[in-house]
Amino acid sequence: MPLICCVSPKGGVGKTMIAANLAAGLAKNRHLEVIAVDLDPQNMLRLHLGGDVADGHGFVKSVGNIESWGGALKEDSNSGVIILPYGQLSSGKSIKKDSVIRQKPELLWKPLVRMAASPGMVVVVDTPPGPSVMLQAILPHVDLLLTVLAADAASAVLYSNIATGKIYSEVRNVRRGYVLNQFDPMTRLGRIICSGLAEKIGDSLFGIVHRDEYVGEALAMQQPVADYAPLSRAAIDLNNLSDRVSRYLESLT
Amino acid sequence: MKLSDRLNSLFRVDQNVHKIVPLFILFLSVISFFIVTLSFLSAGGQLIVGVAGIVVFFLLNRRKDETATLYLKILSLAVSSRYLLWRMIDTLVFQTTFQAVLGIILILAEAYAFMMLLLIYFQTVHPLERKPAPLPDNSDDWPTVDVYIPTYNEDLSIVRVTALACASMDWPPDKLNVFILDDGHRVEFQHFAEAAGIGYISRADNAHAKAGNLNHALQLTDGELIAIFDCDHVPCRAFLQTTLGWFVADSKIALLQTPHHFYSPDPFQRNLANGMRVPPEGNSFYGLLQPGNDFWNASFFCGSCAVIRRTALLEVGGIATETVTEDAHTALKLQRRGWSTAYLSLPLAAGLATERLILHIGQRMRWARGMIQILRTDNPFSGPGLRLPQRICYFSAMAGFLFAIPRLVFLTSPLCFLVFNQTLIAASPMALCAYVIPHFFHCICTSARMNGSWRYSFWGEIYETTLATFLVRVTLVTILFPKLGKFNVTDKGGTIKQAYLDWQAVYPNVILSGFLFMGMLYGFYRLFMFHNSQVVFNALWLNEVWIAISLLTLLLAIAVGHESRQVRGKARIQVRLPVTLRSEGGRLLPTQIMDVSTGGCQVEIAESTVDEWQKGQIVHVLTEEGRLKGEIVWVGKRSIGLDWRYDSLRHEAEVVRFVFGRADAWVDWGRYPPDRPLRSLWLALTSITSLFRFEKNPGAVNQKLPPVKPMAPPRSLPGGKKKQERNAVIVAPKKKAATFCFFLLGIMLPASSWAQQAADASPVPQPAAQAVAAPPAGVPPQDGEPPLPTSDATAPATPDQPSQTQGLTLGTPITDAAPAMVGVHKKSWTLKELGAGDTLMMTPFASIQGLSFGLPKASL
Numbered sequence: 001m002p003l004i005c006c007v008s009p010k011g012g013v014g015k016t017m018i019a020a021n022l023a024a025g026l027a028k029n030r031h032l033e034v035i036a037v038d039l040d041p042q043n044m045l046r047l048h049l050g051g052d053v054a055d056g057h058g059f060v061k062s063v064g065n066i067e068s069w070g071g072a073l074k075e076d077s078n079s080g081v082i083i084l085p086y087g088q089l090s091s092g093k094s095i096k097k098d099s100v101i102r103q104k105p106e107l108l109w110k111p112l113v114r115m116a117a118s119p120g121m122v123v124v125v126d127t128p129p130g131p132s133v134m135l136q137a138i139l140p141h142v143d144l145l146l147t148v149l150a151a152d153a154a155s156a157v158l159y160s161n162i163a164t165g166k167i168y169s170e171v172r173n174v175r176r177g178y179v180l181n182q183f184d185p186m187t188r189l190g191r192i193i194c195s196g197l198a199e200k201i202g203d204s205l206f207g208i209v210h211r212d213e214y215v216g217e218a219l220a221m222q223q224p225v226a227d228y229a230p231l232s233r234a235a236i237d238l239n240n241l242s243d244r245v246s247r248y249l250e251s252l253t
Numbered sequence: 001m002k003l004s005d006r007l008n009s010l011f012r013v014d015q016n017v018h019k020i021v022p023l024f025i026l027f028l029s030v031i032s033f034f035i036v037t038l039s040f041l042s043a044g045g046q047l048i049v050g051v052a053g054i055v056v057f058f059l060l061n062r063r064k065d066e067t068a069t070l071y072l073k074i075l076s077l078a079v080s081s082r083y084l085l086w087r088m089i090d091t092l093v094f095q096t097t098f099q100a101v102l103g104i105i106l107i108l109a110e111a112y113a114f115m116m117l118l119l120i121y122f123q124t125v126h127p128l129e130r131k132p133a134p135l136p137d138n139s140d141d142w143p144t145v146d147v148y149i150p151t152y153n154e155d156l157s158i159v160r161v162t163a164l165a166c167a168s169m170d171w172p173p174d175k176l177n178v179f180i181l182d183d184g185h186r187v188e189f190q191h192f193a194e195a196a197g198i199g200y201i202s203r204a205d206n207a208h209a210k211a212g213n214l215n216h217a218l219q220l221t222d223g224e225l226i227a228i229f230d231c232d233h234v235p236c237r238a239f240l241q242t243t244l245g246w247f248v249a250d251s252k253i254a255l256l257q258t259p260h261h262f263y264s265p266d267p268f269q270r271n272l273a274n275g276m277r278v279p280p281e282g283n284s285f286y287g288l289l290q291p292g293n294d295f296w297n298a299s300f301f302c303g304s305c306a307v308i309r310r311t312a313l314l315e316v317g318g319i320a321t322e323t324v325t326e327d328a329h330t331a332l333k334l335q336r337r338g339w340s341t342a343y344l345s346l347p348l349a350a351g352l353a354t355e356r357l358i359l360h361i362g363q364r365m366r367w368a369r370g371m372i373q374i375l376r377t378d379n380p381f382s383g384p385g386l387r388l389p390q391r392i393c394y395f396s397a398m399a400g401f402l403f404a405i406p407r408l409v410f411l412t413s414p415l416c417f418l419v420f421n422q423t424l425i426a427a428s429p430m431a432l433c434a435y436v437i438p439h440f441f442h443c444i445c446t447s448a449r450m451n452g453s454w455r456y457s458f459w460g461e462i463y464e465t466t467l468a469t470f471l472v473r474v475t476l477v478t479i480l481f482p483k484l485g486k487f488n489v490t491d492k493g494g495t496i497k498q499a500y501l502d503w504q505a506v507y508p509n510v511i512l513s514g515f516l517f518m519g520m521l522y523g524f525y526r527l528f529m530f531h532n533s534q535v536v537f538n539a540l541w542l543n544e545v546w547i548a549i550s551l552l553t554l555l556l557a558i559a560v561g562h563e564s565r566q567v568r569g570k571a572r573i574q575v576r577l578p579v580t581l582r583s584e585g586g587r588l589l590p591t592q593i594m595d596v597s598t599g600g601c602q603v604e605i606a607e608s609t610v611d612e613w614q615k616g617q618i619v620h621v622l623t624e625e626g627r628l629k630g631e632i633v634w635v636g637k638r639s640i641g642l643d644w645r646y647d648s649l650r651h652e653a654e655v656v657r658f659v660f661g662r663a664d665a666w667v668d669w670g671r672y673p674p675d676r677p678l679r680s681l682w683l684a685l686t687s688i689t690s691l692f693r694f695e696k697n698p699g700a701v702n703q704k705l706p707p708v709k710p711m712a713p714p715r716s717l718p719g720g721k722k723k724q725e726r727n728a729v730i731v732a733p734k735k736k737a738a739t740f741c742f743f744l745l746g747i748m749l750p751a752s753s754w755a756q757q758a759a760d761a762s763p764v765p766q767p768a769a770q771a772v773a774a775p776p777a778g779v780p781p782q783d784g785e786p787p788l789p790t791s792d793a794t795a796p797a798t799p800d801q802p803s804q805t806q807g808l809t810l811g812t813p814i815t816d817a818a819p820a821m822v823g824v825h826k827k828s829w830t831l832k833e834l835g836a837g838d839t840l841m842m843t844p845f846a847s848i849q850g851l852s853f854g855l856p857k858a859s860l
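Those protein sequences? They're chains A and B, same order as listed. Position 243, counted from 1, in the first sequence is what the working numbering calls 243; the numbers after and before it change by one each time, with no gaps. Position 301, counted from 1, in the second sequence is what the working numbering calls 301; the numbers after and before it change by one each time, with no gaps.
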């Protein structure tokens, strides 16, 4: 089964939120076994899924030693997602680990691909914003590259860069999907950007997620949005997104 | 275009229908001949003939096609002419002059009814289902349009809605000019028009009322086409794009009419207990007769929701001013000059129905007066230019307004025997069964089949009876003195605080029913207190039955005048519109609107989110199109009520557009179950309960009546100010290029051009010119596009729209550069798009599948 990777050339667009909620959505609605992997040194993914703030465990410390990854796995009993946190590291150590991966990218992608290979299993990977060693290591092996764009002016540029192959060129077009996040219909600009981008992206647009206070509140409650506020716009948007993704996954097999 | 060509090429007419017309007449005469011969049969034999006719009806009625309808109509006419001949030959008695006069009056009334039956059967031979014609692909070839909104004494709150809706119709803004034609000379109207960028025309005098108002504007504007909306008919966005195709496609078309749809119930629907289960009174005209007229190239102008070609209108000297129904007369004049008219049976505008019976009566008195005026002064059967079917259709429309006198004759005839002992129909019960029952049966059942879901059996009788006593005088006076009469304006929009019986609107019927009731009592007195011969006995109880039916109809007509409470000033439209509700704190909840008006809306909420909403909060309703601001005025268990809040005219226009703009908003106008005569009869009979309905605050009769505004106020300024000197005022509409640009380019351009700015000189694969064209099928993914030089892309606009570049390169797209007015913007729809429901941009939510916009392949 597939390896889904949430990326963004830019920070603050809600990548981690999308990854966490997508994982929860796939686990809940599709009864898939989902592993959410955090490659971002911010180590925030776990917090979206009920993780303990004080818990600093993660796979990065033992990146060369796959067998010890199991100790870092945490299952969120609520959503059923298994989380593999990055772990709490100082920046210096993070950079060191990066250089390890740069030398041997297979240390990262091989275990991930192996996890994804087991039947009924989906791996959702959250990545740090912009170019990173971690992302570069797994990029050639991704089954779905889900680019999260904020519905703002900068995204128009970023989309052009992706569409022309300046970034993420390792992933074929058919394996690219886009999510427009933080769409705010209250602003005229938001609407223009959103409709303009939506038209340009066409079929590759996997979903639009509104800017909704419930999203922030859900994080504060450490719950997926669908659990915290199932009737909210964002919950429905995220649900549509996970439906779309799972349809895509079905088309792969 | 010749009528026969129209039949053959334009429309999917079964070839048989055309050939059938002469056959129709032949068949009719043959059958009539047999009937005359048959009238020498014995009464028993006639009974068998009558039953046979009914059996044939049931056999034919199993087929649902149009040809079967035609045969049924022929059968119905045959049976009715059999009846009429029998009446003339066998049943008239002229023993005294009095009796002769009464008998002839009754037979004339019956002859009139037969004539109308024949005419309407003819009119509805093949109601034309005309579809919208496609506009040219290039919007440069689209015609220029002036939109006229004539107003006289209506409130600004009504007019502004229409004006804003007209200004935001989808049409190239350089080709659309909206004008308020104000005969009320009101300064606030002028200020509103100026603020909204709409044209305002007010003339020095008020000669010839509405017609004069329109003619005055005609001299001042120059659009190729003129769309006319009464100030309370709010068009949807698609009005022009749906209707104007025909003017381009067929240069002989001078006029295109669309239905007048009312989203508020008419007095019959509102005041009768079962009224809402019955189609509105106007449906039979707009759903059946006008499409029927269109087949014969004889659909006519109804004063509003129509488009007229300027050249044609100028050819006949503008809108006709000779009569008070300037609309129909203008159409007649146009057709005399050889112009075609068209009718599109899609409600693309909606208005308020006359909310009180008295106003409805006033309106119909004017129509009757006007139509009879035309009949007298410009009779369609005389004069040049028309083809015979056109003459028949126009005559039918006008003669239809003569119903008042025959109706009254039918109502009161039984009095002649019961009270004055004058036999008007000398026939045995057996003979009556043999002739009258088949006559009624075929009339009712064939009409029911013809009317389908547009008009219910027996309800027409209520409509007519309500008006009859009022129209008698108008009818007589106008027949004798056709030049009399002036225009009056129908008041609309308002509240009725208490239920009350409007004496003004029912007193003649009350008096008449009093007479009938006394006649009935006297009849019973004769029936029981005297020893009657068998003949007299039979006649008495038959007349008692008749008078009971008359009385019942009259009581129903009186019940219509029992005005029920109407609390809301602005009628709510029942809808199911999915929207997202945004709370003050920025939480978004998807939900749907349950009803909506320009005042506010009711929004469904989940019970679990009730705590989220509090009275007085400002919330936003997010639609696919935009956002609307509202204040919560009440919170219920499953829904909350919002009042719209506007900060500017622009917001108000957005509300108007949201409420009235949807092209499919009114597609349900004909969605009533097909007529079943017995059910309709039951609905009518049980509506009598409305007469005895009392509400919590019983409207005491004659007490605290809301004053009815004078229908045709003398020409005085509102407020009774000292009469000012009046001058013509003309304000030209202002163009809002910036706003327009915002809308037009909103779809695609900004993203790409900002991308270019940000990405400096790097080539970006978004050809701007292509973006402007915005092909509806969606631009294919841009991945493989060859990059364009930046210089091209920063000057993206087509040459004739230079302002677009400006708006974009300023780099401040967020600021509301546009003035208050809503963007008059262009969105080009081809018919193909209209046909493909999912690409119909303006109807993001509701399905449009009920509408087929397709054209026959031949004409595409």
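Calculated directly from the structure, the hints in this document are not laboratory data. C-beta: ideal position from N, C-alpha, C; glycine also. Any given hint could be a false lead.
Said to hold, decoys possible - Listing some non-contacts, in silico: residues in chain B with all C-beta distances to chain A over 12 Å: (1) 49; (2) 517; (3) 541; (4) 622.
Claimed, not checked - Chain A side only, calculated, beta carbon under 10 Å to chain B, not exhaustive: (5) 10; (6) 185; (7) 214.
### Query
Is it the case that residue 517/B keeps its Cβ farther than 12 Å from each residue Cβ in chain A?
holds, 61 Å
### Query
Any CB of chain B closer than 10 Å to the CB of residue 185/A?
holds, 5 Å
### Query
At a threshold of 10 Å, is the proposed contact between residue 214/A and chain B supported by beta-carbon distances?
For residue 214/A, the interface hint holds, since the closest Cβ of chain B sits about 5 Å away, which is under 10 Å.
### Non-interface claim for residue 622/B versus chain A (Cβ beyond 12 Å)
For residue 622/B, whose nearest Cβ neighbour in chain A is about 5 Å away, the distance does not exceed 12 Å, so it is violated.
#### Entry: Restraint satisfaction for residue 10/A [CB to CB of chain B, less than 10 Å]
Not OK, violated: residue 10/A not within 10 Å of chain B, min 12 Å.
### Task
Beyond 12 Å from every chain A Cβ: check whether that's true for residue 49/B.
holds, 69 Å
### Closest CB of chain A to the CB of residue 541/B still more than 12 Å away
Holds, since 68 Å exceeds 12 Å.
The structure fails hints 4 and 5 (numbered hints given earlier, in ascending order).
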